[in-house]
Amino acid sequence: MNEITSNSSTNAAHSDRIRVDLQLIADMIEPGTRVLDIGCGDGELLGYLTRTKKVDGRGLELSNEGVRNCVAQGLPVMQGDADRDLRDYPDGAFDYAILSQTLQATQRPKEVLSELLRIGTKAIVSFPNFGHWRARFDLMFRGRMPQNPNLPIMWYETPNIHFCTVLDFVALCKEMDLTIERSMVLNESGSKLSLGSQTRFSNFLGNQALFMLSK
Amino acid sequence: MSTATNTEKRPPLPGHHMVLGEMEKLRLDSGVEFGPFTLAYQTYGELNAEKSNAILVCHALTGDQYVADDVHPITGKEGWWSEIVGPGKIIDTDKYFVICSNVIGGCLGSTGPKEINPATGKPWGLDFPVITIADMVRAQTMLIDALGIDMLFAVIGGSMGGMQVLEWCKSYPERVYAAAPIATSFRHSAQNIAFHEVGRQAVMADPDWCGGNYLLEGKKPSRGLAVARMTAHITYLSQPALHRKFGRKLQNRGAITYSFDQDFQVESYLRHQGKSFVDRFDANSYLYITRAMDYFDLSLEYDGRLAEAFQGCKTRFCVVSFSSDWCFTTAESRIVAHALNAASCNVSCVEIESDKGHDAFLLDEPDFHMVLSGFIDGAAEGRGLK
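Chains as they are written, first to last, in numbering that gives the first Met the number 0: chain X, 0 to 214; chain D, 0 to 385.
Some hints here could point you the wrong way.
What the hints assert, rightly or not - List time: in silico SDA-like cross-link candidates among lysine to any residue, alpha-carbon distance up to 25 Å:
1) D:313 to X:213
2) D:113 to D:197
3) D:313 to D:298
4) X:53 to X:213
5) D:313 to X:33
6) D:313 to X:94
7) D:88 to X:33
If you are wondering where the hints come from, they were derived from the structure by calculation, not from laboratory data.
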């Protein structure tokens, strides 16, 4: 999926170093809670949460290789995908359901979001922001689909099928009557931007968006 | 059951033999109160002082208790899972106390149809009660009790062994810390029952089967049992694996012979498989054990709602399937994993890419070994085993 440049200075305080956007997610999670990481990849976040926050963590991952690597690290991970397999989890089974950099690759983002908040008390969702100025620049002046370190894959090969902007996402949350508990955007170097309620600026400057939602 | 009531009798085959069900009989699913009976078993490694490092390895249909012996007493080969079990291996016998018992109804020292029925002084034959996977597991719990172990660190097994693993977790979840059901299912498919029926009919059609009384008659239904094994063996392999190994290559000849001789290498291979099987396995045991697998359906008593079988189960699961296994498919493993999820169990589920078919779980599959080893190590950490 999308690659994000790590900002190592953010993690310097931890013995473990994980990707900066994952670190921001990890910082939102209370220790000792039940966590489902959907699209957990090689288990970077899940492993970190298990080691440092003693969470009761589970993962769901599409790729064979990812699942194998996770299980080989002793992490409990199921092979499956967000569109099809979330319905197998019981209501309220987790305190947090995390969907990191995966929403834009799902067939039915709206259904997936509502599944997240059925399974988890809180949902943490991150996605690449298509409203970022560089994406707008690419479309406006180059007339081409955006391609950058954050969206490195050509349009015909990308697994991403449902791009949205920060404003789109906020509108969807409103439509679905979801509460946005926390939100933040990251700029291109991976630093957190604190723009508070200035959503339009966030939408323009943020490369990645990160939301914590509840019902 | 206390250890004092169990006596070790002189073994006809190397290894341990425990007489069980003397005080309290084994209540079989068929309603029969059975016992006393013997389970033959092997152990490897040492049980620690806390009795927290025991791993029960459950064998497949035609497996036995010699899981990690250097020399199998009958075949002369290594134990069937020597790839996995042994000092420094994935199931490390320097660290864990490994137990593998020959199932009840088996033919390598456990009470089964070829043993003497004390009531008649003759081999049981078809008078042996029909057994189920749950009966096998119930018998194993008596052995584990007798060994003084309250909770097994892990129960691990493939194929029929995997069925036993699932049965353990359904019936005795508080006694299993971690479980690895491998290349298995929560119920035997119609296709598998069909293949088993072909095998059983082959055995029964052999005139030397003598209505199941071949031991009394001094005969052996070798041809029927060999055909049963040949059929079953095909279901354990994949098309690509068979093709890679044999293709249409001819056996010790330059051209086809226009006869029913074994022209093709694959024919010769299957005949060899059938022949070597009859040397080590009892035909009636084969009938009973295949029947036990056919009857297995963990969802039956829950009206098909498998998740209910695992309600409240705290066991950690690692469900493994192999991509080319058409005997126990990944789809079946996924049903198990989804049911475990629905019951909020701690479950990992992984499909290993392999073209070796069902037999892959017995073979050198590095990805599988990596997964199993990671799972066991992770569970050991959780259990506080150093």
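Hint-by-hint comparison with the structure:
{"no.": "1", "hint": "D:313 to X:213", "in the structure": "violated (28 Å)"}
{"no.": "2", "hint": "D:113 to D:197", "in the structure": "holds (22 Å)"}
{"no.": "3", "hint": "D:313 to D:298", "in the structure": "holds (19 Å)"}
{"no.": "4", "hint": "X:53 to X:213", "in the structure": "holds (23 Å)"}
{"no.": "5", "hint": "D:313 to X:33", "in the structure": "holds (14 Å)"}
{"no.": "6", "hint": "D:313 to X:94", "in the structure": "holds (18 Å)"}
{"no.": "7", "hint": "D:88 to X:33", "in the structure": "violated (33 Å)"}
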